[in-house]
Amino acid sequence: MCGLAGIIHRVGIADIGSEMTSMLQSMKHRGPDSSGFAVYGVPRDGELVMRFKVAEQEDLATGFDIQRQMRERRAEVDARIESLGGKIVEAEQVTEYALRYRLEYDGDLRGFADYLEDIEDVEVLSIGEGLELIKDLGDANRVADRYGLKGFNGTHAIGHTRMATESDVDIRSAHPYWAYPFRDISVVHNGQLTNYWKSRREMEHRGHRFMTNCDSELIAVYLAERQAAGQGLDVAMRASIDDLDGVFTYIVATANSLGMDKDLMAAKPMVLYEGDDVIALASEEVAIRSIFPAEIDTVDPYEGEVRVWHT
Amino acid sequence: MAHLEREQKSADGGMHAERLAGRTQQVFFSPVEDENFVSPGSFQVDVEKRAELDAGEMDTTAINLKIRELMGDGRGTIVVKNPLAKHSLGVGILSRLQLHFEGSLGYFGVGMIDGPNVRISGRVGWSCAENMMAGTVLIEKNAGSCFGAAIRGGDLVCKGDVGARTGIDMKGGTIIVGGRTGAFSGFMMQRGRMVVLGDAGKNLGDSMYDGTIYVGGAIASLGVDAVPAEMTERDVAWLERKLAVYGVEAPTGVATMQKVVAGQKLWNYDNLEPTEKKLVL
Numbered sequence: 001m002c003g004l005a006g007i008i009h010r011v012g013i014a015d016i017g018s019e020m021t022s023m024l025q026s027m028k029h030r031g032p033d034s035s036g037f038a039v040y041g042v043p044r045d046g047e048l049v050m051r052f053k054v055a056e057q058e059d060l061a062t063g064f065d066i067q068r069q070m071r072e073r074r075a076e077v078d079a080r081i082e083s084l085g086g087k088i089v090e091a092e093q094v095t096e097y098a099l100r101y102r103l104e105y106d107g108d109l110r111g112f113a114d115y116l117e118d119i120e121d122v123e124v125l126s127i128g129e130g131l132e133l134i135k136d137l138g139d140a141n142r143v144a145d146r147y148g149l150k151g152f153n154g155t156h157a158i159g160h161t162r163m164a165t166e167s168d169v170d171i172r173s174a175h176p177y178w179a180y181p182f183r184d185i186s187v188v189h190n191g192q193l194t195n196y197w198k199s200r201r202e203m204e205h206r207g208h209r210f211m212t213n214c215d216s217e218l219i220a221v222y223l224a225e226r227q228a229a230g231q232g233l234d235v236a237m238r239a240s241i242d243d244l245d246g247v248f249t250y251i252v253a254t255a256n257s258l259g260m261d262k263d264l265m266a267a268k269p270m271v272l273y274e275g276d277d278v279i280a281l282a283s284e285e286v287a288i289r290s291i292f293p294a295e296i297d298t299v300d301p302y303e304g305e306v307r308v309w310h311t
Numbered sequence: 001m002a003h004l005e006r007e008q009k010s011a012d013g014g015m016h017a018e019r020l021a022g023r024t025q026q027v028f029f030s031p032v033e034d035e036n037f038v039s040p041g042s043f044q045v046d047v048e049k050r051a052e053l054d055a056g057e058m059d060t061t062a063i064n065l066k067i068r069e070l071m072g073d074g075r076g077t078i079v080v081k082n083p084l085a086k087h088s089l090g091v092g093i094l095s096r097l098q099l100h101f102e103g104s105l106g107y108f109g110v111g112m113i114d115g116p117n118v119r120i121s122g123r124v125g126w127s128c129a130e131n132m133m134a135g136t137v138l139i140e141k142n143a144g145s146c147f148g149a150a151i152r153g154g155d156l157v158c159k160g161d162v163g164a165r166t167g168i169d170m171k172g173g174t175i176i177v178g179g180r181t182g183a184f185s186g187f188m189m190q191r192g193r194m195v196v197l198g199d200a201g202k203n204l205g206d207s208m209y210d211g212t213i214y215v216g217g218a219i220a221s222l223g224v225d226a227v228p229a230e231m232t233e234r235d236v237a238w239l240e241r242k243l244a245v246y247g248v249e250a251p252t253g254v255a256t257m258q259k260v261v262a263g264q265k266l267w268n269y270d271n272l273e274p275t276e277k278k279l280v281l
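Chains A and B, in that order, give the protein sequences. For reference, each letter of the first sequence is one residue, going 1 to 311 in my numbering. For reference, each letter of the second sequence is one residue, going 1 to 281 in my numbering.
Errors might be hidden in some of the hints.
Here are the simulated distance ranges between beta carbons [stated by the list, open to error]: (1) Thr-61(B) with Lys-150(A): 23 to 33 Å; (2) Met-1(A) with Gly-56(B): 48 to 58 Å; (3) Glu-240(B) with Glu-166(A): 43 to 53 Å.
Derived DMTMM-like pairs: lysine to aspartate or glutamate, alpha-carbon spacing no greater than 25 Å straight-line [said to hold, decoys possible]: (4) Lys-141(B) with Asp-33(A); (5) Lys-28(A) with Glu-249(B); (6) Lys-28(A) with Asp-54(B); (7) Lys-259(B) with Glu-249(B); (8) Lys-159(B) with Glu-249(B); (9) Lys-28(A) with Glu-166(A); (10) Lys-159(B) with Glu-166(A); (11) Lys-150(A) with Glu-57(B); (12) Lys-242(B) with Glu-273(B); (13) Lys-141(B) with Glu-295(A); (14) Lys-159(B) with Glu-295(A); (15) Lys-81(B) with Asp-54(B); (16) Lys-202(B) with Glu-303(A); (17) Lys-150(A) with Asp-277(A); (18) Lys-202(B) with Asp-33(A); (19) Lys-259(B) with Glu-303(A); (20) Lys-141(B) with Glu-303(A); (21) Lys-150(A) with Asp-33(A); (22) Lys-159(B) with Glu-305(A); (23) Lys-198(A) with Glu-129(A); (24) Lys-28(A) with Asp-59(B).
No wet-lab data here; the hints were simulated from the structure. Just so you know, even glycine gets a beta-carbon here, dropped at the ideal spot from N, CA and C.
Construct the complete structure from the given sequences, taking the supplied hints into account.
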């Protein structure tokens with residue numbers, strides 16, 4: 001089924017970590033498999049934040065020598081970053097397999113990410129000035145506690161509770177997806193894409209990278225491709241309504257905006273609250289009400305609607 | 001078997017243009033005035049006895065059980081405060097009741113009801129009043145998709161806009177929408193009436209078997225086998241009376257509304273099954 005949530009503060013910053021956790025936890029019934037957050041913190045001048053993982057959760061249970069392998073993979077990541085002229089400002093081991101680095105790097109991001117992912121079983125979850133992508137198995141409270149998300153201050157965030165329907169229950173198949181390799185773009189999706197395999201083959205021929213068998217990843221790659229061609233986000237989102245086949249409602253976030261897109265059948269839900277300074281949207285109103293308990297005016301966007309908001 | 005000598009007030013009044021006359025259309029009880037239309041074991045309530053309920057901290061099951069408890073106590077008017085858009089509130093109420101929700105409901109609000117008069121001062125999510133048998137539901141703000149899915153009777157009124165697939169598979173009753181409605185409204189409609197005072201989204205009445213849709217605004221497109229029909233004086237008179245009951249108005253007057261019915265080209269009820277056609281007669 002899946003549950004989506006998005007929140008954007010147009011003025012100032014707020015504890016979006018707690019807000020998103022609350023929204024996602026109230027929709028746990030829509031997706032108990034895994035939870036994912038794309039939170040946009042306050043950027044630091046000249047720095048990028050990279051979130052990556054060096055193993056899947058299931059590897060820890062089955063891998064014989066996994067601890068040593070993870071250490072080696074991480075060491076290799078450090079070495080490769082240095083060899084490309086990057087500088088690690090701060091390295092944080094968030095969980096056994098998930099890491100957060102603050103970097104200084106101003107070279108080609110595609111080459112950078114490709115080189116790091118060339119290390120076996122390393123996946124770069126996100127790179128961005130503000131974007132930090134956290135996803136793991138378990139419900140929102142559990143993931144938020146493990147990754148210390150409550151108290152994360154920022155301008156906007158999107159999140160996802162997953163009920164896996166098309167692919168495995170693992171971290172790589174969880175949402176959000178980063179529009180690799182474009183900094184700060186992330187996507188969450190509710191629905192099924194029926195032309196996934198066909199589109200994926202075409203895009204792989206054009207050189208795009210797919211890390212999973214999850215159909216939702218297609219949206220991230222699609223938007224990334226359009227971004228590379230210089231197309232504006234809302235233009236790309238409108239085009240996706242025709243190019244993507246299947247049922248979908250998705251939310252996309254960039255460094256300073258949040259967008260929502262619905263398919264032509266209005267098959268997957270979205271409830272929208274537009275306040276004066278805050279925009280909140282989610283698959284169900286209970287999610288929005290968990291942070292706005294007073295009566296508010298909410299609407300369901302119609303089929304084929306595309307909306308974009310900016311900070 | 002079926003008791004066929006009975007008063008057919010509504011049919012004589014011309015309110016049923018349906019041609020479907022299958023077995024389920026026969027009535028197996030005698031609907032005279034003095035016979036109870038009450039489900040066995042249902043609550044006897046007094047509308048003068050009022051109760052209030054703060055649902056803020058309660059979960060869905062607790063709220064619904066509390067409503068039943070209050071009805072068991074004879075409370076005929078129940079006001080539920082702070083529903084906080086929870087799902088499946090007020091479902092399965094099978095007797096008369098004045099039920100007011102001060103706030104918004106989530107999905108499946110007041111589903112499967114048979115008799116209560118419900119007022120919701122906020123908005124509702126998806127599938128409100130699905131499978132309603134009888135009663136009235138009035139929503140002050142807007143509603144989500146699948147509004148009034150598969151209802152069999154009663155009046156379901158939303159003063160604001162509603163989403164897609166409104167009245168999907170309706171089997172009777174009346175849906176009134178004060179604003180616009182989304183795509184595939186009246187999809188596979190079987191009986192009943194849907195009145196949309198605003199615009200209707202694409203594929204209106206797609207694959208409808210029967211029933212009638214009235215639209216006051218623009219229709220984006222008609223669905224498969226949904227065809228326009230002439231408004232009659234009876235239609236106009238009924239619409240004026242009905243809309244007045246709920247305090248809503250057609251934007252350019254009732255007589256200018258468009259009427260949509262089934263083209264009946266999808267009907268295959270008398271056709272032989274493909275394998276039956278093989279029989280050499």
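Cross-check of the supplied hints:
1. Thr-61(B) with Lys-150(A): 23 to 33 Å: The hinted range 23 to 33 Å holds for Thr-61(B) and Lys-150(A), with Cβ atoms some 29 Å apart.
2. Met-1(A) with Gly-56(B): 48 to 58 Å: violated, 26 Å
3. Glu-240(B) with Glu-166(A): 43 to 53 Å: Between Glu-240(B) and Glu-166(A), where Cβ atoms are some 51 Å apart, the hint holds.
4. Lys-141(B) with Asp-33(A): violated, 34 Å
5. Lys-28(A) with Glu-249(B): violated, 41 Å
6. Lys-28(A) with Asp-54(B): At roughly 24 Å apart (the allowed maximum being 25 Å), Asp-54(B) and Lys-28(A) satisfy the hint.
7. Lys-259(B) with Glu-249(B): This hinted pair holds, its Cα atoms lying about 16 Å apart.
8. Lys-159(B) with Glu-249(B): Distance of about 10 Å is within 25 Å: holds.
9. Lys-28(A) with Glu-166(A): holds, 19 Å
10. Lys-159(B) with Glu-166(A): violated, 39 Å
11. Lys-150(A) with Glu-57(B): Between Lys-150(A) and Glu-57(B) the Cα gap is close to 23 Å, so the pair holds against 25 Å.
12. Lys-242(B) with Glu-273(B): violated, 42 Å
13. Lys-141(B) with Glu-295(A): Since the Cα atoms of Lys-141(B) and Glu-295(A) sit roughly 12 Å apart, the hinted pair holds (cutoff 25 Å).
14. Lys-159(B) with Glu-295(A): holds, 18 Å
15. Lys-81(B) with Asp-54(B): Given pair Lys-81(B), Asp-54(B) holds - Cα atoms ~5 Å apart, limit 25 Å.
16. Lys-202(B) with Glu-303(A): holds, 10 Å
17. Lys-150(A) with Asp-277(A): It holds: about 21 Å lies between the C-alpha atoms, which stays within 25 Å.
18. Lys-202(B) with Asp-33(A): Violated, at about 36 Å.
19. Lys-259(B) with Glu-303(A): Within the cut-off at roughly 24 Å; holds.
20. Lys-141(B) with Glu-303(A): holds, 20 Å
21. Lys-150(A) with Asp-33(A): holds, 20 Å
22. Lys-159(B) with Glu-305(A): Satisfied, since the Cα-Cα distance of roughly 22 Å is no more than 25 Å.
23. Lys-198(A) with Glu-129(A): violated, 33 Å
24. Lys-28(A) with Asp-59(B): This hinted pair holds, its Cα atoms lying about 15 Å apart.
Hint check: violations occur at hints 2, 4, 5, 10, 12, 18 and 23; the rest are consistent with the structure.
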